[in-house]
Amino acid sequence: MPLLPVFLPTDVLLWLLVIAAVGYGIYCARRPHLAQPWSRVFRSPGAVVAGVLLGCYLLIGLADSLHFRARLEQASASGQAAYAPEVLSLLDVALARLRAGTERSYSAPLATRAFVREMVEQPDGTTRRGFPRLRQGGAHLEDESQWTEDIARRALLGLACGAALWLLLLWSIRPLMRRAPAVPWRAGLITVGVLLALSGPVVVLAGGYHVLGTDKVGQDVLLLSLKSVRTSLVIGTLTTLVILPFGITFGVVAGYFRGWVDDVIQYVYTTLNSIPGVLLIAAAVLMMQVYVDSHPDLFPTAAQRADLRLLFLCIILGVTSWTGLTRLLRGETLKLAELEYVQAAHAFGVSHGRVLSRHLVPNLMHIVVISVAIDFSTLVLTEAVLSYIGVGVDPTTVSFGTMINGARLEMSREPIVWWSLSAAFVFMFTLVLSANLLADAVRDAFDPRVRIGVA
Amino acid sequence: MFAYIVRRVLYAIPILIGVNLITFTLFFVVNTPDDMARMHLGTKRVTAEAISKWKLERGYDKPLLWNTTATGSAKLTSTIFFERSMRLFRFDFGAAEDGRDIAREIRGRMLPSFALALPVFLVGLAVNISFALMLAFFRATYLDTWGVVFCVAMMSVSTLFYIIGGQYLISKLWHLVPISGYARGPDALRFLVLPVIIGIVSGFGTSARLYRTLFLEEMSKDYVRTAKAKGLAERVVMFRHVLRNAMIPILTGVVVVLPALFFGSLITESFFGIPGLGSYTIDAIQAQDFAVVRAMVFIGSVLYILGLLATDLSYTLVDPRVRFQ
Amino acid sequence: MRLMFPVALVLALSACGEVWNDPYPAATRGENILFTAFVQRPKHLDPVQSYTEDEGQFTQQIYEPPLQYHYLKEPYTLVPLTADGMPTLRWLEAKGDAGREGAAGGTQSVYEIRIRPGILYQPHPAFARDAAGTFAYHDLSRARIDSLRSPYALALRGTRELVADDYIYQIKRLAHPRLHSPIFSLMEQYIVGLDAFAKRLDSANAELVKRRGAEAWLDLREFPLEGVERVDAYTFRIRLKAPYPQFLFWLAMPFFAPMPWEAERFFQQPGMAAQNLTLDWWPIGTGPYMLIENDPNARMVLVRNPNFRGEPYPSEGAPGDAAAGLLADAGRPMPFIGQVIFSLEKEGIPYWNKFLQGYYDFSGISSDNFDQAVRVAVEGEATLTPEMRERGIELRTSVAATIIYLGANALDPVVGGESNAAARTRARLLRQALAIAIDWEEYLSIFANGRGEVAHSPLTPGIFGYRAGRAGINRITHEWRNGAARRRSLSAAQALLAKAGYPDGRDARSGEPLVLYLDTVGRGPGDKPRFDWWRKQFATLGIQLEIRETDWNRFQEKIRKGSQQLFILGWNADYPDPENLMFLLHGPQGRARGQGENAANYRNPEFDALFGRMKNIPNSPERAQLIDQMVAIYQRDAPWIGGFHPKDFMLFHSWLGNVKPNNMARNNLKYLKMDPVRREALREAWNQPVLWPLGLIALALLVTILPALASYRRRERKVARPPRRVDAA
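Chains as they are written, first to last, in our numbering: chain V, 1 to 455; chain D, 456 to 780; chain A, 781 to 1509.
Treat the hints as calculated values from the structure; they're not laboratory data.
The C-beta atom is built at its ideal place from N, Cα and C for all residues, glycine as well.
Do not take every clue at face value.
[Said to hold, decoys possible] To give an idea of the interface, some chain D residues facing chain A are shown, with a C-beta separation under 7 Å as derived from the structure: (1) Thr502; (2) Asp556; (3) Ala558; (4) Phe593; (5) Leu598; (6) Lys627; (7) Trp629; (8) His630; (9) Val632; (10) Pro633; (11) Ile634; (12) Ser635; (13) Asp677; (14) Ala715; (15) Pro730.
[To be verified] Derived pair list, reagent style BS3-like, types lysine-lysine, alpha-carbon separation capped at 27 Å: (16) D:Lys517 with A:Lys979; (17) A:Lys979 with D:Lys508; (18) V:Lys335 with D:Lys508; (19) A:Lys1453 with A:Lys853.
Same shape as in the complex, but just chain V:
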């Protein structure tokens, strides 16, 4: 086999989550009372735009969640296949050119020369300080005066490809458009068009340049931005996996049984809530570090260690933030349990478990859906702050937080290195903004009265 698949825990969980989401979609589609709010969501142009953008992020993130180790070419003496120790993802393969094309240090977007002066060896053996040509960026240009022309040619080519793809898409979804006229297709198509118009030139230009420049050690910033997406998605989604079981169980049970059960659960969440979150997270992250350090054999590769830290961060964030959902569900359950149909179920001698699973939980699901949608963007923002102060993801993991942290130092350089920070800003802002827009649409469609995730 040319590949040795590597199943990192977050990969597995992320894919399981995707499968679960698809399953939920099918489940909803069969039940009109659930399908209706969802179709309401996608009748809002904002949600469609956000959906398209999030879909792109999701594609990038998922492509970055299929990991493997490539087989090394020459076989060893014993004839056993040896695999490269480096764990790659599908996205890494797709962006192999960006990965390989590192420079020595900083270079500006689309530059052909390094950003900082270096000692350059002249042909006669002497050295002089100057801006050397880049190893990759514009290396195909024999003469730098061709730069403008080359950029324009590549950009136009990219635009043309983008336009062609867009027309293809337009043609292929025509039947769908006719079947569902209520969906604001125009908004979606415009978004896709804009995306294609941007990404087409970027793809073509990336073949010869660093479109967003390079960072301190010469890595392509575009590559880093794309790799950050997965980290954000994992944090935003897997954390909810932790929140949901805690939040739903405790919330419903507390609201339904009341009495001492309620007291205990309230005690637990008040206690957890009253510890300042950053302190709790910092301590827990440090604790996990100690565990990993004392069991190095369990986590042989850096990828596994970084992944474990990411997973653990999700768990920690989940454990510290289930309290909000619990409180909400507890209040709602208290109300629902008083309703006549629940009382009637009791009168008929229906067991507690059945009342909970048949009558209560399904009627609370809309709150869960809304809170998941709203939590996503909050978590993405939290990750950046935590990584920034050093208790977030592993320093080897690419994330928006680590990018911002690195970029902050660059702001005080003269002349300023602006591209890393700008790239992180644009990618992160787009992600969070679309998540917020979608969350708004979801809330409006499911229950505009629920106030979650607000001060």
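Place chains D and A on chain V using the hints.
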């Protein structure tokens, strides 16, 4: 009402014990007393004797939670946990690991924290409410639509960008305020302007949008329609009825954060070099000064519980129908 | 709202010449005050305990040990500070008091130090006497102490002359049971009778605490210390058990600064410690400055000591110093600057920006903090940009007596291979290959802006035995080409790697790719570029590098156990002697075996024997030759896979004079001088507030609000239209 408050205060005790136990466990799993000693004795020429001496002096040579060598109640009391945590209930914080008195340090740092947090809170509230009121007033116009979009966009930007961008533009490029630092007395104003603005801006999107929703809910109530039908000017309706009634949920919602204002803002303080409680906490985490972290967590929890109590009380003040049970 | 734009304009006009971003009180403008920063709150200012450079920048201005380093001379030279001349050395043949005078190299050495008469302490209430001649503040009431915030709040001040007893008192304090002196265990091995003295103090202290409480003053004058002898009021002798030529360097550190007993007596009054009134907060010295404000959360203020004797500025320096204007003040009494304000600046970026705006007079990050978790990382280059040059900013660098190295643990089977000869050879070849492949020159240019020198041996420039130029290069990793050391090509490294049994980075026997592990201290997400760079370097040989970053404690624990493979560490020389750098590779001082500073656990009998001979002889051709042999062994064995010596640098503004970075002479503030008028003018010119953005913001607000007002007017005019339902979205 007095009995109710007493009961709530008593209820806080098990919570605080729980909080102490959690922080204690987390930090001691991470940091054995040996680690703490090494951290504080520096990096060069540290001997095993120096470490045991350090531990002995600070009582870290005892067992963590359960002393098997002692007898009777001393099994529980002659431990690091008991000796170090229980005195917090008397608000006796002891000395930090570097020998400095924590209570004194906290007293000195409370004012800068408060000087930053209070303007952020008050001015922020005023700005958010006025903006929300404006959106509600111009509801269903382009101003409302774009205002909401503006709010959503503002809340989609990470706080880090506000701080980095603000410092870069306002301090570095435009020379309007000092980049960082703090001074006591009226001089503090110059140092506080930028962090306060950034604090307000970063909280603006979320709150303004929420308040707009509250205003709109209030405006869809029957009495507003009646008032309008009576021919009252829109302006009068807005200010006399809608604003006044919508303030109730807004105020009861923010009461919970009031005591926490003392706790300061962790990130802003360390970015701007303001010597408040927030930066004290961050420094303590970095220096692994467990005594300080424990004290700060304790204070944080007490403030949170006070906030909850204040919220409950404010509900009854606003709405006499709510009774204490 | 409509008024705002004109208002802003008026403000802009009226504000000309006024700066808005001055972080200091207006009263300090135009004064002869030096503004600088401290990055970490000092933990100890007591000279017995303080060790780091963060603390040294305060203590060394206040405390005066007998010796100091010459400010200008290169290489580092010791000169007298309070001493009347350099200490004299005598040798004793036999042990004990009755030892006869002996020849050089005898078993005991005696240093006799004579201090200058007439040196006065700074004014301090501890010395103050009332009319009756008794100490005014040695028995303060508890209430008085509880309301005291600073010792200088007490009205009376006194002083007294410095005597030899003060030095003896301080040496005794090294063994004080309530203080932790980091050098106690080292001095215990040398100073005669210090170990027994410490035991006696311990029991005396225990008894005293039992009798009079934990805060009672332990008067060290009552306990004699065998190895330290008072000859007369200004002369004392220190007797050492063994030859220890490096002892002189210790005499230039605050550990051996004088401590008047009155100070301890004053600060040991019950209740003082709770008010932070301790020697750890409030130093008392004879130096040029005294600490009058100690607010470690904001600022520390030093002012000129009015009793200072007026030490003259040095009149000779290194070649080139005269041309650089560093000798212009020769012979003039120091200090030149009246007051020094240190502001707390924990983050590197504000530090750097305030320096550029003229609010710090100089910027220089000591290389002290490389291995502790410290957030300061000034990104602004230490190279002068044209813009900085235009502002008159100058740069001076000097190589620090520091080495940062990538160590290979000798106990590790892959990179150390101690088990058998074949494994040892393999590991050595592997280390050599890595030493070639890791491009430290690139590391320095990316991460240190070129502030550093690639280490060809453990010795740093300025240390005896260091060889510069062609003679000094590491021939395994470098070759001499075109008048400069050039790193050997990658193919040389690949050949060595193949010889070691890992062709193309894969084990020739099993075919498995070679994976190496680097242990390092994580300092947060800012480390990422560095880690990426490390991986890139190992990848050039086809070796996969796994970085295990961890916190400081865990890292230390691993090193202590010897379970690391590759690791990065650094060492700041305590004093400029080859012994203090070479001992990092001395076998018996292995970290895992002997808890010493040899973290690589390197052990080579040949090297150890040479070290034993080199250690105790004075600088001589013989010593240089021994060092050359040791360096050759180091280069062949490559126990460290290279490293570098960071450069201390100082960027300073045109108004500051007499600046020369000196890694050892930390008492540098007394030499500096400045021109406050020029500073004021330039600060004003550089910091004019830019106001048009405010106007622009006001305009933008106006533009958004006007249409809204218009639509409100329209709505007001419409009468009683049917209410429209609005969704609360």
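To see whether the hints hold, each was checked on the structure:
Given the 7 Å rule on beta carbons, the hint for D:Thr502 holds: about 5 Å separates it from the nearest Cβ of chain A. The interface hint given for D:Asp556 is met, as the beta carbon of that residue sits about 6 Å from the closest beta carbon of chain A, less than 7 Å. The interface hint given for D:Ala558 is violated, since its Cβ lies 10 Å from the closest Cβ of chain A, which is over the 7 Å cut-off. The interface hint given for D:Phe593 holds, since its Cβ lies 6 Å from the closest Cβ of chain A, which is under the 7 Å cut-off.
A distance limit of 7 Å between C-beta atoms decides the matter here; for D:Leu598 the minimum to chain A is near 5 Å, and the interface restraint holds. Because the smallest distance between the Cβ of D:Lys627 and any Cβ of chain A comes to about 6 Å, under 7 Å, the interface hint for this residue holds. A hinted interface residue such as D:Trp629 counts as satisfied when its beta carbon comes closer than 7 Å to some beta carbon of chain A; here the least separation is about 4 Å, so the hint holds. A least Cβ separation of about 5 Å between D:His630 and chain A falls short of the 7 Å threshold, and the interface hint therefore holds.
The restraint placing D:Val632 at the interface with chain A holds, with a minimum CB-CB distance near 6 Å, inside the 7 Å limit. The beta carbon of D:Pro633 is positioned within 7 Å of a beta carbon in chain A (closest approach about 4 Å), and the interface hint is therefore held. For the restraint placing D:Ile634 at the interface with chain A, the shortest Cβ-Cβ distance is roughly 4 Å, inside the 7 Å limit, so the hint holds. Given the 7 Å rule on beta carbons, the hint for D:Ser635 holds: about 4 Å separates it from the nearest Cβ of chain A.
For D:Asp677, the interface hint is violated, the least distance from its beta-carbon to any beta-carbon of chain A being 11 Å, above 7 Å. A hinted interface residue such as D:Ala715 counts as satisfied when its beta carbon comes closer than 7 Å to some beta carbon of chain A; here the least separation is about 21 Å, so the hint is violated. Annotation: D:Pro730 was flagged as interfacial toward chain A, and the flag holds, the nearest CB pair being 4 Å apart, inside 7 Å. Restraint check: the Cα-Cα separation between D:Lys517 and A:Lys979 comes to about 24 Å, which is no more than 27 Å; the hinted pair holds.
Using a Cα cut-off of 27 Å, the hinted pair A:Lys979 and D:Lys508 holds, with the two alpha carbons roughly 14 Å apart. Between V:Lys335 and D:Lys508 the CA atoms are separated by roughly 60 Å; this puts the pair beyond 27 Å, and the hint is violated. For the proposed pair A:Lys1453 and A:Lys853, the alpha carbon gap of about 19 Å is at most 27 Å, so the pair holds.
Hint check: violations occur at hints 3, 13, 14, 18; the rest are consistent with the structure.
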